[in-house]
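J.: Keeping the supplied structure of chain D fixed, place chain B upon it in accordance with the hints.
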Amino acid sequence: MMEINVRETLRYLGYQGQPADGAVMELIRQCWEELERMASPRSIWREYPLTVSGDEIDACVFRIESRALGKNLRGCERLLLFAASLGAGADVLIQKYEKLQMSRAVVMQAAAAAYLEDYCDSVNEELRRRYEAEGWYLRPRFSPGYGDFSLECQPAVIAALEAGKRVGITLTDSLLMAPSKSVTAVIGVGRTPLACVVKGCEDCPKTDCEFRRV
Amino acid sequence: MGILETVRERKLFFDGGMGSLLVAKGLQPGELPETWNITHPEVLQDIHLQYLRAGSDEITTNTFGANGLKYGKDGEFSLKRIVTAAVENAKTARERYAAERRMQPGAGGDDGPCAYIGLDLGPTGKLLKPLGDLAFEDAYALYKEVVICGAEAGADFVLVETMSDGYEAKAAILAAKENCDLPVCATMIFDRKGKLLTGGDVASTTALLEGLGVSMLGVNCGLGPVQMKEILAELLKVASVPVIVNPNAGLPRTENGRTVYDIDADEFARVMEEIADMGANALGGCCGTTPEHIAKMTARCRSKKQLLPEEKNRTVISSYSQAVEIGSSPVLIGERINPTGKSRFKQALRDHNIEYILREGVTQQDHGAHVLDVNVGLPEIDEPAMMEEVVRQLQSVTDLPLQIDTSDITAMERALRIYNGKALINSVNGKEESMRAVFPLVKKYGGVVVALTLDESGIPETADGRIEIAKKIYRTAAEYGIAPKDILIDALCLTVSSDSRGALTTLETLRRVRDELHGKTVLGVSNISFGLPKRENINAAFFTMAMQNGLNAAIINPNSEAMMCAYYSYRALADLDPQCGEYISVYGGQPEAAASAAGNAGGQQSAPGEMSLSHCIRRGLKEQAQEAVRALLGRRDSLDIINEEMIPALDQVGKGFESGTVFLPQLLMSAEAAKAAFEVIKEHMSSRGESRQKKGKIILATVKGDIHDIGKNIVKVLLENYDYEVIDLGKDVPPETVAAAAAEQHVPLVGLSALMTTTVPSMEETIALLRRETPWVKVMVGGAVLTEEYAKTIGADRYCRDAMASVNYAEEILQKNAG
Chain D
1 MMEINVRETL
11 RYLGYQGQPA
21 DGAVMELIRQ
31 CWEELERMAS
41 PRSIWREYPL
51 TVSGDEIDAC
61 VFRIESRALG
71 KNLRGCERLL
81 LFAASLGAGA
91 DVLIQKYEKL
101 QMSRAVVMQA
111 AAAAYLEDYC
121 DSVNEELRRR
131 YEAEGWYLRP
141 RFSPGYGDFS
151 LECQPAVIAA
161 LEAGKRVGIT
171 LTDSLLMAPS
181 KSVTAVIGVG
191 RTPLACVVKG
201 CEDCPKTDCE
211 FRRV
Chain B
1001 MGILETVRER
1011 KLFFDGGMGS
1021 LLVAKGLQPG
1031 ELPETWNITH
1041 PEVLQDIHLQ
1051 YLRAGSDEIT
1061 TNTFGANGLK
1071 YGKDGEFSLK
1081 RIVTAAVENA
1091 KTARERYAAE
1101 RRMQPGAGGD
1111 DGPCAYIGLD
1121 LGPTGKLLKP
1131 LGDLAFEDAY
1141 ALYKEVVICG
1151 AEAGADFVLV
1161 ETMSDGYEAK
1171 AAILAAKENC
1181 DLPVCATMIF
1191 DRKGKLLTGG
1201 DVASTTALLE
1211 GLGVSMLGVN
1221 CGLGPVQMKE
1231 ILAELLKVAS
1241 VPVIVNPNAG
1251 LPRTENGRTV
1261 YDIDADEFAR
1271 VMEEIADMGA
1281 NALGGCCGTT
1291 PEHIAKMTAR
1301 CRSKKQLLPE
1311 EKNRTVISSY
1321 SQAVEIGSSP
1331 VLIGERINPT
1341 GKSRFKQALR
1351 DHNIEYILRE
1361 GVTQQDHGAH
1371 VLDVNVGLPE
1381 IDEPAMMEEV
1391 VRQLQSVTDL
1401 PLQIDTSDIT
1411 AMERALRIYN
1421 GKALINSVNG
1431 KEESMRAVFP
1441 LVKKYGGVVV
1451 ALTLDESGIP
1461 ETADGRIEIA
1471 KKIYRTAAEY
1481 GIAPKDILID
1491 ALCLTVSSDS
1501 RGALTTLETL
1511 RRVRDELHGK
1521 TVLGVSNISF
1531 GLPKRENINA
1541 AFFTMAMQNG
1551 LNAAIINPNS
1561 EAMMCAYYSY
1571 RALADLDPQC
1581 GEYISVYGGQ
1591 PEAAASAAGN
1601 AGGQQSAPGE
1611 MSLSHCIRRG
1621 LKEQAQEAVR
1631 ALLGRRDSLD
1641 IINEEMIPAL
1651 DQVGKGFESG
1661 TVFLPQLLMS
1671 AEAAKAAFEV
1681 IKEHMSSRGE
1691 SRQKKGKIIL
1701 ATVKGDIHDI
1711 GKNIVKVLLE
1721 NYDYEVIDLG
1731 KDVPPETVAA
1741 AAAEQHVPLV
1751 GLSALMTTTV
1761 PSMEETIALL
1771 RRETPWVKVM
1781 VGGAVLTEEY
1791 AKTIGADRYC
1801 RDAMASVNYA
1811 EEILQKNAG
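Top to bottom, those sequences are chains D and B.
Counting in the numbering used here, the first sequence runs from 1 upward without gaps.
Counting in the numbering used here, the second sequence runs from 1001 upward without gaps.
This is chain D alone, in the form it adopts within the complex (with noise of 0.2 Å):
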């Protein structure tokens, strides 16, 4: 059971932090029980040995350059792949309302997001506890297509993961993922915390976003 998150919801919908009326809010909490119903999150992970020297990043399954990532994954000496997955269920019922109500299609397509975000967010969790008990510090999650660290990474962390046939997220040509409520990342592991862990919307450039967090 995942407690349903209305602020973030309406972040997604471009509420800017602004109040939704009784209607909406009802149809938040309708979207969120049939997510509940029909989304089946799943997740995996898998360390990887990490070589990281100013923008040049070595991670057995893929090497790159990218400044964001390097800044991000410096002083770390492991490096997890993570994905996670809501399912098809979640696109179904997307899909479904795209067909028959829109105004249902674009609160499920949001509480969608922001569900797989909590979900992401407590497997995050899970891993950051079992990692600081023996003594490791997690890096904030990083997605490729974040900044400069290019979605052709894709394939690969797909491919590393088996998150085919593991937790169902394929690639279209176009490398969009598919089932589209999927996250790919990279957590960064080092010996050191991190004074202050910010997550990828505080931390993007893009400061006038309508979706930004406020």
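Treat the hints as calculated values from the structure; they're not laboratory data.
Treat the hints with care, since some could be wrong.
Chain B stretches covered by chain D per the calculated footprint, using a threshold of three residues with CB under 8 Å from any CB of chain D [said to hold, decoys possible]:
1) 1033-1040
2) 1190-1200
3) 1545-1559
4) 1660-1667
5) 1752-1761
Keep in mind the model is a prediction, meaning the values are calculated, not measured.
The beta carbon of each residue, even a glycine, is placed where N, CA and C say it ideally should be.
T.: Using the frame of chain D, we list chain B on its own:
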């Protein structure tokens, strides 16, 4: 002796994992394992040989990921070379093993392992449409190539395995069945809850696979043997063919980038022995298992007695996610997707108004239907094409199984081919010609078929006559290999107004099919009341009588309260509803209203009556907007209502959206309320022979490579509100399709959507093509990654940051065109 004979005599043993053994031999991350068939044949031969020595009866070719998406037609690693080499490696291993056995003392009269070569078909790595970008037919074509090469090279059977999507498994099985004569076996990945990744369960998957005629079925990968025991128990309850269990070596974890599994060969073998005792017929391993695992397993299980599953004799149909068993509790088949006698439905078919048809389906589901009948026959339309499209669309919005209802054999086959499950098929009858046409389709695609008890001499007047025809149908079906469980005898009911004994004859037929033939029955219940007033009275009473006489499935209108009341009451009275739980949940606490569980966007109900149309639209109150418009239509002209009430309300909401006081869900709720009100006006106008001119045509498309079209769909809703005719080309649309449609329809405006940086190039390509082929067309673009500047760079006329911006641009362009 073939593999199917062997499994009938004793436990059959499959081999174990391949991937981890190749990694141990030096396969690099990112390297395609199938290339080793050619670059390292000796490694593959050795692995196969080790498995044979370990006691495997079959060896699986190293072709798990071999398909046309990864391997080309020509060159060193052409698909044909890869598959042929894989089979050759297996054959070489088998020969070497046979030679070894001959060398052993006392090898004469050897009844040891048989070494069947299984042609491995794994998943394509793509998700099928509509959730992914691979068309069912394309998946079929990919598997077909592999099957043809593999069969030619000498494989003994086809092993479809590690499938987490029943639909993809169907493509593979059909490709195997249609392109070679080898037996086909299929194993799927279930999770701990017994679900496929795409949502199917053990019962629905078994119905699908057995319907398609697999010789064995089962479970592999995903879980270790311990977790698979529960899945196996489920499988054994429903499967009628031998069951395969190929688990991983426990559950995986990573150590330094390497995947390791949590149980060793001894433990694996110990649990596999339990699995053999439970009743698995074929046992092997998957990820992480090695020849050692298999050797220990075969040692423990070799002397176990083989016990084949009994024929379950269950009458089952399925959708992608659930099975519906037609048995003691009556199954309700919703009859509303059918144009007969419905002028609005006919118009929807002519207008290609799929949304209308989908709504009919969803409404029936909300009212309690278990299955949806689909009949789209209309003389002036292309029925096969329409049937295929409606089935595709319906199975993307409902998880109910469908009943394919047509007399057009081409339409029937096209629907059955792309249907994601085991369908009900409506219908065959006792005529030779009908049985010759329909039974081969039932056999090939699987399904339960409705069999009408009529033949060349018409409908028998007596139950005797109908029973005789039922027997003939069973007999003929058997010749095609179709079991009685897959036939529903339609006892036929004709209107009681023309034959007062008609109902009694039908009821007697129902009883006798149940008692004498031990068969299952179905009826189109509503036929009984043709020509009578208050038809529901007769229908509901007859429905109850029919259930009491053994009716197993009823084709009815689930939106009829009387029929649903008969159904719930019967179940309560016939001990089919423990403690009347369902009856109480439906009728308790709502003394007047019946089962109206319609899934409306809730929270909108407020006191009807006095609200203005404008208010209802602004607040997004659908039903109230319709009421308000009905009230106004008596007093005012239609166009006045639109121009003076509705458009200003929509404008107001639109302005609020632009200024940030109204948000997307509200904007769309308003649009939906306005749409509902427009429907009322449209009906009113057409009843007076009036119609309203649309403002102009606009093409919308989500560009090639992009499968997210929520943004485009939002724009569509709003443009339609403002009275534009939207030609929606859908998602993943190639540039050529957009240009051709723009030229053919001579539209002034095209809207394109792209969500990702990776798909913007195909947007650019589409614009370039439009500039060349249809220079008059204006192009507006939108999507998450686009900006004003980016839109300019790729040559668009206008960047629309949201849906209202595209409405404004449309008004600008089309007004200019008009003026």
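J.: A separate judgement is required for each hint: does it hold in the structure or not?
T.: Results for each hint:
1. 1033-1040: The restraint on the region 1033-1040 of chain B is violated, since only 0 of its residues have a Cβ under 8 Å from chain D and three are required.
2. 1190-1200: holds (count 6)
3. 1545-1559: It is violated: at least three residues are needed, and the region 1545-1559 of chain B offers just 0 whose Cβ sits closer than 8 Å to chain D.
4. 1660-1667: holds (count 5)
5. 1752-1761: holds (count 5)
In summary, the structure is inconsistent with hints 1, 3 from the numbered list given earlier, while agreeing with the others.
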